[in-house]
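Using the sequences plus the hints, can you model the full thing?
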Amino acid sequence: MEKNPIITLKDIALSFDGEKVLENLNLSIYDGEFVTLLGPSGCGKTTTLRIIGGFLTPDSGDVFFGAKRVNDLPPYKRPVNTIFQRYALFPHLNVYDNVAFGMKVQKKKKAEIAETVERMLTMVNLKGFEKRTVSTLSGGQQQRVAIARALANNPKVLLLDEPLAALDLKLRKDMQNELKNMQKSLGITFIYVTHDQEEALSMSDTVVVMDGGEIQQIGTPLDIYNEPVNAFVADFIGESNILDGVRLADYKVKFFGRVFDCLDAGFEKDEPVDVVIRPEDINIVPPEQGLTGTVTSVTFKGVHYETIVDFYGFKWLIQTTEYHPVGSVIGIVLDPDDIHIMKKSRYSGMFGDYSSYSEEFDEMNDPTIDLVDDESTAAEEAD
Amino acid sequence: MMKARGAAAPFALWMAIFTVVPLGVVVYYAFTTAEGAFTLDNIFAIHQYAGSLLRSFWIGLLSTAICLLLAYPLAFSISRAKGRVQQTMVMLIMMPMWMNFLLRTYAWQSLLENNGFINQFLGLFGLHLNMINTTGAVVLGMVYNFLPFMILPLYSVMVKIDRSVIEAAQDLGSNAIQVFARVILPLSVPGIISGITMVLIPIISTFAITQILGGSLVNMIGDNIEMKFFGTAPDYNVGSALALLLMVLLLISMGIMNAFDKDNEGVTV
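Sequence order for the protein chains is A and B. In case it helps, our numbering puts the first sequence at residues 1 to 383. In case it helps, our numbering puts the second sequence at residues 384 to 652.
Take these hints with a grain of salt, some might be off.
Stated by the list, open to error - Quick list of in silico lysine-lysine cross-link-like pairs, DSS-like style, CA-CA up to 27 Å:
1. A:K107 - A:K131
2. B:K611 - A:K20
3. A:K131 - B:K543
4. A:K180 - A:K170
5. A:K104 - B:K543
6. A:K173 - A:K156
Rather than coming from a laboratory, the hints here were simulated on the basis of the structure.
Take a look at the structure:
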């Protein structure tokens, strides 16, 4: 990756009808990168993409392409092309004319247009579809036309707004691979918007996790997954058990009434923290060898079982290939690298079941609390 | 399928009694003498009305063109407005149609008359405009009365043009003029066709507006047909021949227009 960003967003803020959509947004995108803007609906990811595309102008802050400020540059003058969520193909034109649209606007030579259209349609496996009207194509085919149409303009940056959201699961997986391969072989920068964390992790060089109009974390998929900065990121990217803890010293954290070794350093002494434990990292051992808990629910997921285990009132999600029936007592062991600690944030307590845990034994012995927990856990599982 | 056909039976009966039979009667009158004998004289008599027919088409085309020029940008801006604004605008456009069109045309008459409101006002400055009983007054009346019929079909087609398609065109390098020429205009063709159909044909065959705003100086083919049936010297046979001719001409022009609307997406009239 090169040193100079191809696109820079600086202190971007935007409101619609007095409601803040983006706030204090800073982002640098480098040449040849596959960047994903990831977040739940309403987090501002599409808005960010539309600002880059030129369809929205930020209330404050600057957009740079290279070193050039482009806040007021209209979309048609920007060296980026967009793949829209619903493809936005031209219904009055056939496949050929859709792909040729950008080149015709630029008044390219006929032979050159024909050559490029053919190359593009070959690339997206739609050779022979030139004369078809777009309404006769399937969703996947329309998607390919949209990709060919955008790439025919030879953009420096391709913006993709949830391009696979309307496709079924199988096709989506195939298209993910195709898009990733295309991006690699063409060397174009992709800025990809999605709410699908799996898609983000498997395709991106860099993931930008957004929520509430702000960037929560920027990092490689591995960073984001292994070192989430707060409870929101931990919960949104994969499943997480998030507990209330206290960081006692470097590499020592106390939660669940016990002290554990961990790999994280650099917090204040006795600083309250959020502790993340990924459900697939938990090792199940015979009850006498670890913390003991009772299995309250088991769901078969194909590759693994999702087992909910009650440890004195706190419900953990454990992903395991072993089957433990409901009611059985199991032990768990946590290795230092299974434990990740995060600073407290406004998301603390909102995710990862942590609110149902209490150190006060009185509450733990209160049967009504368990009942409530059962319901909330079940509801979250259903999601 | 059978059920759907059965449901159409009352309408089919209605059409048979009130459209097909009268049409037959018109054809019968057009090709017979007052005594009922077959003749082509009525058809040959038409040439006397060539001037009025040409005037009808001229006024019709001019008024329709003005309607289109006024309606197109308006319909487009309504179709891009927010939902509530759209509803209000469409309501405002339809509102005049709730009032009887003769009443509205008489209102124009009292505005345009030689001692009407406009000339009374101009009189304060010592000016006078001769407006009533001119082709201009008739065209004005036509445009005023038929404008909603141009706006609504245009609007209903334009509102279906996805914003993202326009954005895609911009994204691919089109400036405002190119977006219009390459995307918006081609996609609104069905609306243009049905708008023209809904405006041009009624204008060509109308008579009331010409009589109110054009007096005896501007007469159109519709006026002549009306005279043949309800005038001082009625001649049902020539009147029928004229009506038949007008119908054939309108069918031809509709056919030409529909040829432009390849996808047949417009409102069929």
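Output the indices of the hints that this structure fails to meet, ascending. The structure breaks only hint 2.
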